[in-house]
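Produce the complete structure using the sequences and hints provided.
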Amino acid sequence: MSWEHEAVVAFSKSWGLFYLIAMAVGVLVYTFWPSNKKRFERAKDSILDGDDKPWK
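The opening residue of the sequence shown carries number 6 in my numbering; numbering runs sequentially from there.
Mixed in with the good hints there might be a few duds.
In silico SDA-like pairs for lysine to any residue, Cα to Cα no more than 20 Å straight-line [said to hold, decoys possible]:
1) Lys49 / Trp38
2) Lys49 / Val34
3) Lys49 / Thr36
4) Lys42 / Gly31
These are computed hints drawn from the structure, not numbers from a lab.
These figures come from a predicted structure and were not determined experimentally.
Written out as structure tokens, the structure is:
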């Protein structure tokens, strides 16, 4: 099976676009899934847990 360069480029551009869109949708679904809310709230609050005074 011999592919020409233009065919490979067209294939990779089209399927690469679909791949990136699918990954972005997957990340958004993971981010806004209701069961992950506690995990993200804990991560948000843990940054400021021990930093209530200036560094000496």
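Hint check:
The straight-line distance between the Cα atoms of Lys49 and Trp38 is roughly 16 Å, inside the 20 Å bound, and the hint therefore holds. Proposed proximity of Lys49 and Val34 is supported: the alpha carbons are some 19 Å apart, at most 20 Å. Only pairs whose Cα atoms come within 20 Å are accepted, and Lys49 paired with Thr36 is accepted, the gap being roughly 13 Å. With a CA separation close to 16 Å, the supplied pair Lys42 and Gly31 stays within the 20 Å bound.
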